[in-house]
Every structure is written in C-alpha cells, then in structure tokens.
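2 protein chains.
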Amino acid sequence: MTQSERLDRTFAALTDPTRRAILARLERDKDGASVSDLARPHAIKLPAVMKHLDILDEAGLITRTKTGRTVTVRLSPKPMREAMEWLRRYERFWSGSLDRLTLYAETKEAEARKGGK
Amino acid sequence: MTQSERLDRTFAALTDPTRRAILARLERDKDGASVSDLARPHAIKLPAVMKHLDILDEAGLITRTKTGRTVTVRLSPKPMREAMEWLRRYERFWSGSLDRLTLYAETKEAEARKGGK
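Respectively, the protein sequence lines represent chains S and U.
Reminder that position 31 of the first sequence reads as 22 in my numbering, one-by-one numbering, no gaps.
Reminder that position 19 of the second sequence reads as 10 in my numbering, one-by-one numbering, no gaps.
Take these hints with a grain of salt, some might be off.
Identical copies look the same in the list; a pair holds intra-copy or inter-copy alike.
As the list claims (entries may be wrong) - Below, simulated EDC-like cross-link-like pairs (lysine to aspartate or glutamate); rule was C-alpha separation at most 20 angstroms, straight line:
#1 K42 x D(-1)
#2 K57 x D45
#3 K21 x E82
#4 K69 x D48
Keep in mind that the hints were calculated from the coordinates and are not lab data.
Kindly generate the complete structure, drawing on both the sequences and the hints.
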C-alpha cells in the first residue's frame, strides 16, 4: 500500500464523530477498552459499533485482542502520525499569518514611539 | 456548524489523492493558481476537477476569486489547523513510545556497565 492509499484510509476513518469519539476514549484508556465499554456512550446498536471498529481496524488505528469471550480494543495511533505529518506542511501558513501580524503590530508601535505619542 | 461537523467535512475533503495534490500545489503557489493550472497534472476531465474544487471550497479549504474570465484558486488552510489540533493529542503516544524505548536502552546500557561487560 502506498503512502497516499494509507492517507486515504486514515482520513476516511476519521470522517465520523463516533469513530473519533472511540479513538478519543482509547486515548484516555491506556489498557484498552472492551467493545461494550466503547459502545455504551453511543446511541447506536452494537452491530453499528462493530462496523465502526472494523473501519478503524482496517485503517490500522486500533488493535483487537480476544481473551476468552472479551475483546480488548487498543489504540494504534501510528497512521495518525503520518496524517499529522501531511498536515504539518500547512502549519507555516497560519504561523506565517501570525508572523505578519506581529510585524504589523511592531511597526505600528515603532511608528507611535517615533511620533512621540 | 459545530467543531465536530467541521472536522467531518475537513477529513472528508482530505480523503482523496487529487484533492490533496491540489492543496499541495496551492501550498507552493502563494499567489494562487487558475483552474486549468490545477487541472493540468491530473488525468481527469475539467468537470471532475471542478467537483473536487467544490468539495474543497465547501470545506473552507480554498477560496475562488473571479477576475474577468479567470478564476484564481487560493489555499485557505485554517480548517486544517483544527484537524491538526485534533490529531495532536495522539502525539504523546508515539513520543511516549520513543521515551519508553530510550529508557529501555538506557537501563540495558546501565545493566551492562554494572556487569562489567
């Protein structure tokens, strides 16, 4: 799979509030969570939760470990790192605007000082 | 629109290699690009490019300015900042793993030194 295909899959997996909430929950629970724990806060049926978990699993964002009858779901955030690296190159745009704003403020300040105001 | 809805839209807009390539191109061209400039590198027809631009526009990731018959497309990266902030909270996971790896290596090294090896 190419990097572009991985990004397609990662961004697609993140395009859903329930899936993002599941990831946020797993971010807090270092030891992982059971499927029913993950389903509880959501007003959706278990099969719908399972489908979301399948999508997250295919995107490599979670791992599922079965012990007896319990499935433990854990976060596997590596694909998010690649997505973040992709987004990072745009960072200079907003930091750039901030730099320009700072420069503007400093110039105004210098002008005001020169004018003795 | 809620932050969650904005994230849905931003991540959905990023779920396509052509759209990501258009954004990457606009990231390089500070003065923007015409629609035909943007279409050129892609083996897709102009209406398909226009559709991608509509999706990017609806997600607030580009602006389009018409001057005479030319439409200039510019990057509007603010929604990406929000997406990156969302991803950033997972950063501690990979930096955390690295810290644990460093700690492990240092412990092993200290043990080796103690053992006089």
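A quick look at each hint next to the structure:
1. K42 x D(-1): Both, since 18 angstroms and 18 angstroms are each at most 20 angstroms.
2. K57 x D45: Answer is within: at 15 angstroms inside a copy they meet the 20 angstroms cutoff, but 44 angstroms across does not.
3. K21 x E82: between (29 angstroms within a copy, 14 angstroms between copies)
4. K69 x D48: within (12 angstroms within a copy, 29 angstroms between copies)
Every hint from the earlier list agrees with this structure, and none is contradicted.
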